[in-house]
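J.: The chain contents come next:
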Amino acid sequence: MNPTTVIGIGNPYRGDDGAGIAVAGRLKHEQGLRVLQLDGDTASLLEALQTCERAIVIDAMCSGAMPGTVRRYNALHEPLPTKTQASTHGLGLAEALALGKVFNTLPDPLEFIGIEGSCFEHGAGLSPAVLDAVGTVTSDLLSRLLTQGFHRPESASPCTSTA
Amino acid sequence: MSETDPRTRTIQVDYLARVEGEGAMHLRIKDDSVEAIELRIFEPPRYFEALLVGRDFREAPDITARICGICPVAYLMSAVHAMEAACGVTPEPAVHQLRRLLYCGEWIESHGLHIHMLHLPDFLGYHDAIEAAKDHPEVVRRGLRLKQAGNALVELIGGREIHPINVRVGGFYRAPKRDELLVIRPRIEAALQDAIETADFVAQLPFPEFERAYLFVALQHPDHYPMNLGQLAFSDGRTLAVERFEDVLVETHAPYSHALQTRTREGQAVHMGPLARFAMNRDRLSPAAQAAANRAGLTRVCHNPYASIVIRAIEVVHACETALQLIDGYQPPAQPAIDVSPRAGEGCAATEAPRGLLYHHYRIDDAGRIESAQIIPPTAVNQVTIEEDLYQHVAPQVHASDEELRNLCERAIRNYDPCISCATHFLDLRVERA
Chain S
1 MNPTTVIGIG
11 NPYRGDDGAG
21 IAVAGRLKHE
31 QGLRVLQLDG
41 DTASLLEALQ
51 TCERAIVIDA
61 MCSGAMPGTV
71 RRYNALHEPL
81 PTKTQASTHG
91 LGLAEALALG
101 KVFNTLPDPL
111 EFIGIEGSCF
121 EHGAGLSPAV
131 LDAVGTVTSD
141 LLSRLLTQGF
151 HRPESASPCT
161 STA
Chain L
1 MSETDPRTRT
11 IQVDYLARVE
21 GEGAMHLRIK
31 DDSVEAIELR
41 IFEPPRYFEA
51 LLVGRDFREA
61 PDITARICGI
71 CPVAYLMSAV
81 HAMEAACGVT
91 PEPAVHQLRR
101 LLYCGEWIES
111 HGLHIHMLHL
121 PDFLGYHDAI
131 EAAKDHPEVV
141 RRGLRLKQAG
151 NALVELIGGR
161 EIHPINVRVG
171 GFYRAPKRDE
181 LLVIRPRIEA
191 ALQDAIETAD
201 FVAQLPFPEF
211 ERAYLFVALQ
221 HPDHYPMNLG
231 QLAFSDGRTL
241 AVERFEDVLV
251 ETHAPYSHAL
261 QTRTREGQAV
271 HMGPLARFAM
281 NRDRLSPAAQ
291 AAANRAGLTR
301 VCHNPYASIV
311 IRAIEVVHAC
321 ETALQLIDGY
331 QPPAQPAIDV
341 SPRAGEGCAA
351 TEAPRGLLYH
361 HYRIDDAGRI
371 ESAQIIPPTA
381 VNQVTIEEDL
391 YQHVAPQVHA
401 SDEELRNLCE
411 RAIRNYDPCI
421 SCATHFLDLR
431 VERA
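Just so you know, the protein sequences line up as chains S and L, in that order. According to the numbering used here, the first sequence is numbered sequentially starting from 1. According to the numbering used here, the second sequence is numbered sequentially starting from 1.
Please note that a few of the clues may not be correct.
To be verified - Derived lysine to aspartate or glutamate pairs resembling EDC-like cross-links, with alpha carbons at most 20 Å apart:
| id | chain 1 | residue 1 | chain 2 | residue 2 |
| --- | --- | --- | --- | --- |
| 1 | L | K134 | S | E47 |
| 2 | S | K101 | L | E131 |
| 3 | S | K101 | L | D128 |
| 4 | S | K101 | L | D135 |
| 5 | S | K101 | L | E138 |
Just so you know, these hints were derived from the structure itself, not from any lab. Quick caveat, the model's predicted, so the values are computed rather than measured.
Chain L with its partners taken away, still in its complex shape:
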């Protein structure tokens, strides 16, 4: 059916011009049933992978960190861990702790923004955060404070708040002195209080009744709620070394999307992100985060994607409390970075970006030149799951107006904090009715 066919209605959504992140959805309805849902996610072009080929292995962290303005730490961390695996080196524990502290900053800023600016208006019944701020100024201000606290932590350790420059393969260019870290402690302490209030606030929101039996995938670590380290854990009970990621999860190219779609080898969609992390690691949350989860009534695996706002808030509590512990126990590493000599080989790593597991895989030659690079971001993996959610939402609502359908779909997509959800109206929805 062409766009000029009178039975096809094409709606152009006046979304904000984004330099990154736009989404489009094609919905085909025939005889009162959904015939097809195709979500197109325009992620940063895959040419980052091509761009890396031939570059020095030490450049991978800074190059890939440019892919995303909100989760550069995730790209930095997955890249350095993968390259260190390829070169067969392991930095000292103090470096790992500093990396976790940096990652805490990213979780606080990214979740703080998504909860308050993007997700909360859906639950409070507002068009956007500006309308919500008129009636709930303190709630939105709290969100901005959390965002700024996270930014400040990333800036302190990463050197800059947006594209940190202090991270390198083997460690950091410069490790902060203990006194420098203590400066930010009061701000993180205040952020912890804000985070606890946020978690209690969002736990009281009205959640649409929607549950699906997802196959969750997240890192799992015996000691920590996972950020940098851990093995791959599936909610069906399987656990695997990260090196086996591509044995189990395979990418296919959907004809309507720039993004590659990932499923299990058996064809099953998987769900990554806060719900998945929580399902597999709840017991390893910090004490204040566990208490917040208890107050929210989240004592078991949560299958409602709308409740992801609560789990994000709990993860902010965890990140703040963990950051305080790391600051208090901080002893600068003996040297900020170990020397890393390249060797021919392969390395892969996965770390937990705020929106889900981010996998990097590199092959380098004996001079350290990158021969191949593969980056699998969580939004690409979650895409199939999002489409399945959308089908369940739309199928009983096929007679709703296009505007109603768009709002329904945008809300359902926003649950995943994908790399397209920035704008109030981010979805270019096309509905074909026949």
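The shape of chain S in the complex, shown without the other chains:
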């Protein structure tokens, strides 16, 4: 089993907010890789992170950048943009990770990948720029995770479906 857990966060019924979920959806059938899809609930995310040796968290961002822009952060040492996705009545991802730091329960390393969204309206489906970014992030993760001793079976075709 690859030591890295991939966690996609978001709400697939709110347009581009489903970007992180979509990346995780494309990776979840890869053998030997632990992939979680979460809605961003603070308690669930912190509980999940406690079980990870290392983790990569992917979520939609709303920072004003060009839609589809991908940003990577070392989540343990860099401040995250506060305008990441945040589910109803919950705290945002940045706040959840800040709580994890206070409790000292975060995995190390912990990477955050943000995908800039443009449409967060009700309804399923990603906008074209975000769909492209989801493909890029998925490919990048696969190649990076392969170098960590993770071997994707030849028969798998991870990039042919959306979550």
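Go by the hints and put chain L onto chain S.
T.: Okay, now just chain L, sitting in the frame of chain S:
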């Protein structure tokens, strides 16, 4: 007055980007008195009601459950009860008990989150839950444990923790076996202890002195502290069948808000939520919850909205203890759901979402197609009451700075756990001073 007028100060609050839930408030002060307070609540668009028209009656629960990520069970429950009323069917008692158990999970998770992550920092003097966690890690951890226990219960019965998929008109797609429910018992038992500690802890908080003579509205049931069932009860002594909701409470569209505002036909604002439920049902709380209320000194109707944090905590005790009773007495229903055949007609129902009474009203045709849908969420009903609270808070403080006013108003709004209070700074406050 335009926004470029030098006498108008416009403050943009750097609130978190929320996919749902933002609030804005327009405060107009003239000659040292409050001329207007307008609270704008951007709720999920009303097009959910339009979306439902033409759909099959069996789809209403799952569609409306998408309106809110934190109280989907409330939407599921109000929808199934309304549709069952329209079709003239009543599921067996075992189904009702399973529904109550599911609702307990939602109360535990929703209240657990609001108490610890959103409301508590106000009382402890912190900017947010992260600051509070540095000095009170065990308190915040307890809140997260409660949230997770509630999530786990919803997931066990609902199939998923966020948007449960196991609920249907007539019952459930699948009823858990007794052994499956027993698995979660130790976790709920631990949650009950956490809830009791929480209730005792929040009862000692310093509460601002603020009381108003609210008109409370909540469900009332002869046997239960209400979740799914009951009649409408008003604190002025009136009780009515839920079918008469719209005879007594009327919706009007405020020009500055997406939300419809609800008042009594006589024009009075009403207050829904924990204070209202407690006022009308205190005697039907579970024994441990009654004991917690006694220790908190809540022996009568509470008119201080800041004390809602205590009543929420007491309701978490009640939900945990009730969940344990339901698990212990659980016998799976003979069949997880009864067959429901549509008939032309109307049905309405109200259930108690964590933040107050949620009313659904549908009209369907003889093929089961939805002809009309009306959903009145508690945040829309409480909006007028919140504005009145805000007026009382702001009127004596008109000379305070905009920052002070914003903090004061956010705190007052947070008492109601409305569908906008997620962010630390959720309020886009605009102050006009002339």
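J.: For every hint, state whether the structure bears it out.
T.: Hints, verified against the model:
1. For the hint pairing K134/L with E47/S, the CA-to-CA distance comes to about 18 Å; that is within 20 Å, so the pair holds.
2. With a C-alpha separation of about 12 Å, the suggested pair K101/S and E131/L falls inside the 20 Å cut-off, and the hint holds.
3. The suggested pairing of K101/S with D128/L holds, with an alpha-carbon distance near 15 Å, which does not exceed 20 Å.
4. With a CA separation close to 14 Å, the supplied pair K101/S and D135/L stays within the 20 Å bound.
5. Proposed proximity of K101/S and E138/L is supported: the alpha carbons are some 14 Å apart, at most 20 Å.
Violated hints for the displayed structure: none, as all numbered hints are satisfied.
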